[in-house]
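Using the sequences and the hints, build the whole thing.
So the protein sequences, as listed, match chains A and B.
Following the working numbering, the numbering of the first sequence begins with -6 at its first residue and continues without gaps.
Following the working numbering, the numbering of the second sequence begins with -2 at its first residue and continues without gaps.
Everything labelled a hint here was simulated from the structure, so no lab data went into it.
Among the clues, some could well be false.
Counterexamples of contact, computed for chain A against chain B with all Cβ distances above 12 Å [said to hold, decoys possible]:
(1) Pro0
(2) Glu5
(3) Leu13
(4) Ser26
(5) Pro33
(6) Pro40
(7) Ser72
(8) Glu76
(9) Gln88
(10) Asp92
(11) Pro95
(12) Ala101
(13) Pro118
Keeping only pairs whose Cα atoms sit at most 20 Å apart, straight-line, the calculated SDA-like set for lysine to any residue is [said to hold, decoys possible]:
(14) Lys134/A to Gly93/A
(15) Lys61/B to Leu21/A
(16) Lys61/B to Arg18/A
(17) Lys61/B to Gln20/A
(18) Lys61/B to Lys132/A
(19) Lys132/A to Ala101/A
Glycine is no exception: its CB is placed at the ideal position from the N, C-alpha and C atoms.
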Amino acid sequence: METTALPQQLAEIVDDFQALSEPDRLQLLLEFSRGLPPLPAHLLDHPELLEQVVECQSPLFLTLDIADDSERSVSLFFSAPPEAPTTRGFAGVLQEGLDGLPAAQILAVPDDVPERLGLTRAITPLRMRGMAAMLGRIKRKIRESGAA
Amino acid sequence: MQEGFPRMSVATDPHDKFAEYAHPERLVSTQWLADNLGTPGLVVVESDEDVLLYETGHIAGAVKIDWHTDLNDEVTRDYVDGEGFARLMSAKGISRDSTVVIYGDKSNWWAAYALWVFTLFGHEDVRLLDGGRDKWIAEGRPVTTEVPQPQPTDYPVVERNDAPIRAYLTDVLDHFGNPLIDVRSADEYTGARTHMPAYPEEGALRGGHIPSAVSVPWARAAAEDGTFRTRDELDAIYRGEAGLKEGDDVVAYCRIGERSSHTWFVLQHLLGFENVRNYDGSWTEWGNVVRVPIVKGTEPGVAPVAAGRR
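Here's what the structure looks like:
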């Protein structure tokens, strides 16, 4: 599997998934769903700052902050209810895989990353679309902010 | 399933609310299920939209059936065949005479879809947990992450019998002049939404609805807590607003046939309509077929002459 183009922290996650059997990949996704960090206080108080990704089967809200440093490093924030573990799992993978990276590096992440997790058969292509949509939304928000 | 009452191997739930429905034996309450867990002959099945939800915790002893990976054929756009269904039933510890209680997320939307597929194979005693997963959890009832390892059964290979409850595209063309219920959201019905700027295409090339179909979004049949609305409330919606009459031959559809399974359950089992079919091709088929008629906007529009009557 071609992972050289991925940022290191995301490539490690992809490798972890690839090393497992299909049922264990689902368990790993479940762990990511449990590990998704809660929203920081400034967003809990201002839910209107979050944007819904409607392509996800369950409600998923995300937003990002771009630092005023030379790299324009990006902080990612996600919110999804516990009744939506698959959606939370996708968010957890993107959070751990992309959080803190320079804007340009996130924009360079290939759009087919969700397919590289090896979950498509077990999760189905329809459901994987939600994760692709999240990645697309993150990139769009970065572009709209003019950070690239 | 239309030859009167099924043989029930586990006693039915005598709940007052259910007694008003045409087929009260098709529902059980959370209390009934809590009281009957572990009864020989009872198998509890969880069927959710979210493929990982069962793994986060489920009713003790419940097995998981996934609508996409278990019930759909992997290649053809169809359901599993008799052999596939028998294999699945065996793996889940379900016998032909088992009482199967299905529950799931989102007001039992996917649970109803699973129940409809069980019915294609003529599994007699299959019921829904009123209120589904959310009600069970809201009531603080216990869940476990322990996955049961059922003894395989010798479930027979039964040929699927689609005709009574499943409509194909040609059946819908022949059906014009009879009631059609579109159970999608208002924006899908009018055609305002199949795709939006900067969003991916949702799978249909045209937006709108099948001519003459009335709009009754599926979730109107569910109360706030995910339970089915009472008989009176359902009659007001489907016989009152939607104008269905005794003896009507009804086809329901949505986008891929999942939400309309919920409405199928309501019409067939709760309101007692005997000829209700779910058009599972639904909008992802109709909205892409060359030269089938479509109506846009809020009005149902006029049914063309049925193909079979030309």
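Results of checking the hints against the structure:
1. Pro0: 24 Å, holds
2. Glu5: Fine: 22 Å to the nearest Cβ keeps Glu5/A off the interface.
3. Leu13: 15 Å, holds
4. Ser26: 7 Å, violated
5. Pro33: 24 Å, holds
6. Pro40: Pro40/A clear of chain B: closest Cβ-Cβ about 21 Å, beyond 12 Å.
7. Ser72: Consistent with the label, Ser72/A stays out of reach of chain B, its closest Cβ about 16 Å off (over 12 Å).
8. Glu76: Glu76/A not clear of chain B: closest Cβ-Cβ about 6 Å, inside 12 Å.
9. Gln88: 17 Å, holds
10. Asp92: 22 Å, holds
11. Pro95: With a cut-off of 12 Å, Pro95/A remains clear of chain B, as the shortest Cβ separation is near 24 Å.
12. Ala101: For Ala101/A, whose nearest Cβ neighbour in chain B is about 20 Å away, the distance exceeds 12 Å, so it holds.
13. Pro118: Non-interface label on Pro118/A violated, nearest chain B Cβ at 9 Å vs cutoff 12 Å.
14. Lys134/A to Gly93/A: 15 Å, holds
15. Lys61/B to Leu21/A: Within the cut-off at roughly 18 Å; holds.
16. Lys61/B to Arg18/A: 17 Å, holds
17. Lys61/B to Gln20/A: Answer holds: Lys61/B to Gln20/A is near 15 Å, not above 20 Å.
18. Lys61/B to Lys132/A: 36 Å, violated
19. Lys132/A to Ala101/A: 9 Å, holds
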